[in-house]
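Trainee: Sequence:
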Amino acid sequence: MLYQSMNYVVLYTVIIVAVLMWLGALRNPLLAFVEIGRELLHSYKFLLLVAGMFGVLALNKYELQIERKLHLTSDYTSFVFGLEGHFVRDLQNLFYTPWMTPTIVFFYIFMLQSVLAASLGVYLLDKNRVMLYATCYTIILNYAIAIPFYLYFPVNEVWSYVPAGVRFTMLDVFPNFEQEYRPLSGLNNCFPSLHTAISVSSALLAFRSGNRRWMAITTVSAVIIVFGIFYLGIHWLTDMLGGTILAVVSTTVAVQLSKLTLRSGEGKLTVRSRATELR
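Mapping the sequence shown onto this note's numbering, position 165 (from 1) lands on 294, and the numbers just tick up by one.
Hints are computed from structural coordinates only; laboratory data are not their basis.
No residue lacks a Cβ here, since even glycine has one placed at the ideal position from N, Cα and C.
Don't take every hint at face value.
[Unchecked claim] With a straight-line Cα cutoff of 20 Å, these simulated DMTMM-like cross-link-like pairs (lysine to aspartate or glutamate) come out:
{"no.": "1", "residue 1": "Lys-174", "residue 2": "Glu-164"}
{"no.": "2", "residue 1": "Lys-256", "residue 2": "Glu-192"}
{"no.": "3", "residue 1": "Lys-190", "residue 2": "Glu-307"}
{"no.": "4", "residue 1": "Lys-190", "residue 2": "Glu-309"}
[As the list claims (entries may be wrong)] If you anchor each label on the Cβ, the simulated ranges turn out as follows:
{"no.": "5", "residue 1": "Phe-224", "residue 2": "Lys-256", "range": "17 to 27 Å"}
{"no.": "6", "residue 1": "Gly-294", "residue 2": "Gln-133", "range": "39 to 49 Å"}
{"no.": "7", "residue 1": "Gln-133", "residue 2": "Gln-242", "range": "12 to 22 Å"}
{"no.": "8", "residue 1": "Leu-212", "residue 2": "Arg-296", "range": "36 to 46 Å"}
{"no.": "9", "residue 1": "Leu-140", "residue 2": "Thr-202", "range": "48 to 58 Å"}
{"no.": "10", "residue 1": "Asn-136", "residue 2": "Phe-297", "range": "38 to 48 Å"}
{"no.": "11", "residue 1": "Met-135", "residue 2": "Ser-207", "range": "30 to 40 Å"}
{"no.": "12", "residue 1": "Val-291", "residue 2": "Arg-167", "range": "52 to 62 Å"}
{"no.": "13", "residue 1": "Val-291", "residue 2": "Pro-227", "range": "22 to 32 Å"}
{"no.": "14", "residue 1": "Pro-277", "residue 2": "Arg-156", "range": "32 to 42 Å"}
{"no.": "15", "residue 1": "Gly-294", "residue 2": "Phe-356", "range": "15 to 25 Å"}
With the hints as constraints, model all of the structure from the sequences given.
Mentor: Printed below as a string of structure tokens:
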């Protein structure tokens, strides 16, 4: 039932986001909507950031249409396979266990966007504007850097490349994946892995935030998602490495941009961690 349609995915994602915000901040998650309203009303900077965030997400949504209009035909899948060989096949064969698959699919389908959205709520509830703004900047940077690669360095998912010898285990749990989820993510949108970049970015920012509960939640989620991209037969090792580098770069730049954005003193009351404190 969880994967019956994208409507169910959206519904359960909303529920998971609320639970994660409660676990991360130990406060009523509904208060996050009040806080975001206040922030939007009182800070034009945050309003512009949110607009930029939705803009880059919209661009990502239409990336496949842009690709078709540009008539791009490049394919670097064989090049990537030549670099790493049967790494994904060997890992999948080593760890594949039927009982593990539903958990991996759950994290892949639900936890990426749930943790990301909940991060905004947790930092709002913690009144940590530095990490709130850094999360927005990180989303923008991750997608803005990844999209040109999807257009001009297309790499197909591992399972679709026959010589790789990998099975798409996602279909064991989500048989309608290609019909329901595929329109959101092109078959050749592999490098860098945004599942890696976003999940690792969330964990890195959580470490900087000083919120230990959120640190633990985001770390567990990131580890399972990164393992899952191989287990499910979706991403190459090269994709994961590219996504990890993207996460490190984007979060480092995002924190600095956040500090610059809040240099007037807006963030001084909000910093919990010495690593993110504005002096």
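Trainee: For every hint, state whether the structure bears it out.
Mentor: Okay, the hints, checked on the actual structure:
Between the alpha carbons of Lys-174 and Glu-164 the distance comes to roughly 15 Å, so the proposed pair stays at or under 20 Å and holds. Taking the CA atoms of Lys-256 and Glu-192, the gap is about 34 Å. The hint is violated against a cut of 20 Å. This hinted pair checks out: Lys-190 and Glu-307 have alpha carbons roughly 16 Å apart, not beyond 20 Å. Taken as a hint, the Lys-190 and Glu-309 pair is honoured in the structure, with Cα atoms around 14 Å apart against an allowance of 20 Å.
Checked against the hint of 17 to 27 Å, the C-beta distance between Phe-224 and Lys-256 comes to roughly 41 Å, which is inconsistent with it. Look at Gly-294 against Gln-133: about 31 Å separates their beta carbons, and that is not inside 39 to 49 Å. A C-beta distance of roughly 18 Å is found between Gln-133 and Gln-242, which places it inside the suggested range of 12 to 22 Å. Against the hinted window of 36 to 46 Å, the Cβ-Cβ separation of Leu-212 and Arg-296 comes to about 21 Å, which falls outside the hint.
Distance hint check: the CB atoms of Leu-140 and Thr-202 are about 38 Å apart, inconsistent with the given range 48 to 58 Å. Distance hint check for Asn-136 and Phe-297: the Cβ-Cβ separation is about 23 Å, which falls outside the suggested range of 38 to 48 Å. For Met-135 and Ser-207, the hinted distance range of 30 to 40 Å is satisfied, since their beta carbons lie about 32 Å from each other. For Val-291 paired with Arg-167, a C-beta distance near 54 Å keeps the hint of 52 to 62 Å intact.
In this structure, Val-291 and Pro-227 meet the distance hint of 22 to 32 Å, their C-beta atoms being roughly 24 Å apart. For the pair Pro-277 and Arg-156, the beta carbons lie near 39 Å from each other, so the given range of 32 to 42 Å is met. Distance hint check: the CB atoms of Gly-294 and Phe-356 are about 19 Å apart, consistent with the given range 15 to 25 Å.
Consistency with the previously given hints fails for numbers 2, 5, 6, 8, 9, 10, ordered from lowest to highest.
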